[in-house]
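There are 2 protein chains.
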Amino acid sequence: MQRQVRIVVPFKLKGAKSRLASVLTPEERRLLAFAMLKDVLDAIFDLGKVTILSRSGLKKEDLGRDVDILESDLELNDALNALIEEQAGQGWQFDIFIVMADLALLNKDVVNGILDAEGDVVLCPGRGGGTNMILIRSPKFRTCYQGLSYPKHLAYAHDLGLNAAFFDSFRAGCDIDEPEDLAEVLLHGPGETKSVLESMGFILSDKGRKCLDRRA
Amino acid sequence: MQRQVRIVVPFKLKGAKSRLASVLTPEERRLLAFAMLKDVLDAIFDLGKVTILSRSGLKKEDLGRDVDILESDLELNDALNALIEEQAGQGWQFDIFIVMADLALLNKDVVNGILDAEGDVVLCPGRGGGTNMILIRSPKFRTCYQGLSYPKHLAYAHDLGLNAAFFDSFRAGCDIDEPEDLAEVLLHGPGETKSVLESMGFILSDKGRKCLDRRA
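Those protein sequence lines, which keep their order, are chains A and B.
Taking this note's numbering, the leading residue of the first sequence gets 476, the next gets one more, and so forth.
Taking this note's numbering, the leading residue of the second sequence gets 476, the next gets one more, and so forth.
FYI, nobody ran anything at the bench for these hints, they're computed from the structure.
Since the model is a prediction, treat every value here as computed from it, not as a measurement.
Check before you lean on any hint, since a few could be wrong.
All copies of an identical chain are treated as equivalent in the list; a pair is satisfied when it fits inside any one copy or across any two copies.
Below are the DSBU-like pairs computed for lysine-lysine, each with C-alpha atoms no more than 35 Å apart in a straight line [claimed, not checked]:
id	residue 1	residue 2
1	Lys682	Lys627
2	Lys487	Lys535
3	Lys685	Lys513
4	Lys583	Lys489
5	Lys682	Lys615
6	Lys492	Lys685
Kindly produce the complete structure, drawing on both the sequences and the hints.
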């Protein structure tokens, strides 16, 4: 049986997805960020209490879901670790499950997979050394999101003597940062993000190495 | 219980990994290709009869494993589909499991995962629309490796009325084609390929967006 979780989704409201600036306007990037958040919420909804962690200004009506919004001006790790410490102070009634907001390929099967995985800490790597999801079952663990966070999280867990597991998922490993990541959404995306990209004219191309194209 | 499989690993002997030419010499690319093949063989060994499909010139003693080598000058799909037809002609005593030779993050857990998956055809996508592994349980299926092979394989299975499953794996989804893929091996590689890259001086870098560096 799965243990109860509090699911935390950090969401960057302003200037999100800057590495897509070569192919998307600021308004398109904003639409994309909200579409990805919607897909992530669809995948995690009903599996635990969901909290969106954001700078001030995010409105509930923009989300289409009845979720909590936690406004914080802290740096990401400080904000997340404050939540972990709060949970620890309350006797750890829930595990904490951190899910990045740009996992546009996520679905319920994948989320159930990580919630069923064994380990004091379950780490789901993203491309390039990131950590796209973390399931934390120990009050001792703290996040270290910056740069190559995956090896940092792994080393941190080992230093504490915690049992850290690798959660193996193509869908959850695919965070959407670079233009070529958009092709993955067109190929495998289940929901809103794919529709938004298609409505912007993006199509798959089967010519040469680049598999993303855009209609004029 | 897993059904018996014949495992086919296509291996490109000459001019492999040309997209790594900007960071590796031809001899280094050759060493890398053999290290990856060794890691793939470690992951699949004992799980079925293994056949390496190659142009002429591959020697058994270069592989360090007692596997069959099938030399063929046919184009990849023609060679694979001849094997499928041969198996079909013999009453389909084994399923056919095709595994690409550059899956340097593969391990036995992942391979057992796909062998346990349900479906007439189980497709494991790679980045950019490729198909990194295919488990074929129907004599009707044929491969279509070229360009965006994943959607082609999926459509082909659907057209035949076959039940096609998506196998979700970060490890198996990571084929090593581009320089940035080498960082994934340093981060998550279990075996020989990681050792070979380290011996060539490759290291992880935690500065900026590029996480791969090489000592002078």
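Hints, one by one, checked against the model:
1. Lys682 - Lys627: between (39 Å within a copy, 14 Å between copies)
2. Lys487 - Lys535: within (15 Å within a copy, 54 Å between copies)
3. Lys685 - Lys513: For Lys685 and Lys513, the Cα distance is within 35 Å both inside one copy (27 Å) and across copies (29 Å).
4. Lys583 - Lys489: within (28 Å within a copy, 43 Å between copies)
5. Lys682 - Lys615: Between. Shortest inter-copy distance 28 Å satisfies the 35 Å Cα cut-off; intra-copy 50 Å does not.
6. Lys492 - Lys685: both (20 Å within a copy, 17 Å between copies)
Violated hints are absent here; each numbered hint is respected by the structure.
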